[in-house]
Every structure is written in structure tokens, then in C-alpha cells.
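K.L.:
Spelled out, the chains give:
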Amino acid sequence: MPRPKPLDLALIALVLLSALGLFCLTLPGGTGATAVILVRGEQVAAYPLTGPVREVEAGPCRFRIGEGGAEFLSSDCPDQVCVRTGVLTRAGQSAACLPNQTVLVIRGAGEVDAVAG
Amino acid sequence: MKNTRRLTRCAALIALSLALSWAERLIPLEFLIPLPGVKLGFANIVTLFALVFLDKRSAFAILVCRCLLAGLLFGTGVSLLFSLCGGLAAFGIMALLLRFTPHRLTLYGVSVGGAAAHNAGQMLAAVLVLSPAVLSYLPLMLVFSVPCGLFTAFVALYLFPRLERLPFFAAFARETREKGTP
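Sequence order for the protein chains is A and B.
When we follow this note's numbering, the leftmost residue of the first sequence carries the number 1, and every step to the right adds one.
When we follow this note's numbering, the leftmost residue of the second sequence carries the number 1001, and every step to the right adds one.
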């Protein structure tokens, strides 16, 4: 079993520092204003987070949006990672359903192109 | 090296990495880390083995075939794309890092680099296919690539010297002894 060499530790430090740097860059900022649903990279719907809770659909994914938050309610994927991500409330947060190529992302005020509903 | 021998070796390694790829899916890591696509990376052990004991072309073929088969058997079209992007990135980085072994770097560094590159490759594919919003998962994925990479390196470092007891692998070892193992 060889001992780790300085370059090993340097490499590990590099990976961890990159993680830290990226984390600082992608910090969720500000209260969320709009829930945006993207399918295959294209925006299909956007709903304000305020207001009474309502259920919307995008293909096989159902969402619950309202009262300051948005979440995946149900999906037909086997992993259910999207549903288990839970409620999103702050701008920059997102939940993704890979098998359905659907993403739910929260945008802050002044960031959206169009709002429906 | 005779073509038949090379073909059989690659086939056996593809089957092995495919089995490892399937086996790690039995461990529900997503309960700990709710990231889509998070996994331990057991199949990387075979990629490492192939890069160390075989030529680059065989190692590349083994990687691509394993990704294709795993995608066809247990995945969706999207997961195949993510798997390929991650796998190719990991392959490239590990092949590059192996040039620095055994004197400046050990398999620990190579494996962590490979794991990190795998995640970066997957993330690139995810950003292109889904949305730049998924980038928020990358920091956590990178952090976990360190223990996962160290684990696969540990297994590889324990396993590779002992594989010589198996007749199948003894031939690999004999041919690599001139080159020197990391």
C-alpha cells in the first residue's frame, strides 16, 4: 500500500476548493418569487409562488405551487429523487427529474421573462 | 498480443465493470444524498485496472461498451448520455494523471481526480440537457467524489497486487511488470 504523496493531497485539496468556490458562486439568493418549469431545457411554464396552493402538471410530473414554495408532488420515475427533494422557497434552488428531463427552478424577482397564471 | 486474447480480456473486463455498475445501484445512496446520478463509482476500479494493465485503446473500448450496455440494460437514453460524458471525462483525467505515477502521484490522487472529473462530465451533460439550474448540485457532488475516489483507490491498491494469484490476471501482471505498476 503506497503512502499518499504531496501531489495526491494537492489534488484532493483542489477538488475540495473548487467545490467551495462553486458553492459560493451558486448560493441561493433572496426570497423566491416565481417557480419555473423546464422540460428538456425549454421553459414550459412559470407560476408566482404567492397565492393559494395549486397543483399543476408538466407531462408525467405534478407540482404543488403556492404560499411561498414549490415542489414536485409526484412523478412516474423509479427513483423519486425529484419528489424527495422537498419544498423549494429561495431563488436559485432547483429540483430535477432526470428520467422526464424536467426541472423545477425558483427565480427571484426581476429575473423572469414571462409569468403565466 | 494476439487479437483473440485481447478480445477475450476486454470482454471479461466489460462484463465485470457492468456487473459492478449494476451492483452499486443496489445501494440506495439517494437516501443520504438527494442528488440524481450520485453513485459510488465501483466500475471505475475496472477503468483504473484497464488503464494500468492494458493499453489505452482497450481501456477506452471497455469504458464505452460498459456505458452503452449499462445504459441499454438499466438506464434511459438520458442516463446513457450522462454516463458517457462522466465516463469519458474520468477516463481522460485518469489517463493523464497516471503519467505522474508512481513517483509523484499514487492511485489515490488518480482515483479522486477521476471521480471529480466523472461528476464534472455528468454535470456538463445535465446543464446542456436540463438547465444551468442543476449546477447547484455540483459542489456537493465534488465533495463526495473525494471519499468515493479514495475508496475505489483503496480497493484497487489492495486488489491489483493480489490479482496475480488468479491465472486469468497473472498474464496481465507478467506483461506489465516491465512497465512498473503504480
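Treat the hints with caution; some may be incorrect.
Said to hold, decoys possible - Some chain A residues close to chain B (C-beta under 8 Å, calculated; not the full set):
no.: 1; residue: P2
no.: 2; residue: L98
no.: 3; residue: V105
What the hints assert, rightly or not - Rough simulated footprint, nothing fancy, chain A against chain B, three-plus residues with beta-carbon under 8 Å:
no.: 4; segment: 1050 to 1060
no.: 5; segment: 1109 to 1117
It should be emphasised that the hints constitute simulated quantities derived from the structure, not laboratory data.
Ideal Cβ positions, reconstructed from N, Cα and C, are used throughout, including at glycine.
K.L.:
Check each numbered hint against the structure and report the violated ones by number, ascending.
P.N.:
Result: hint 4 breaks, nothing else.
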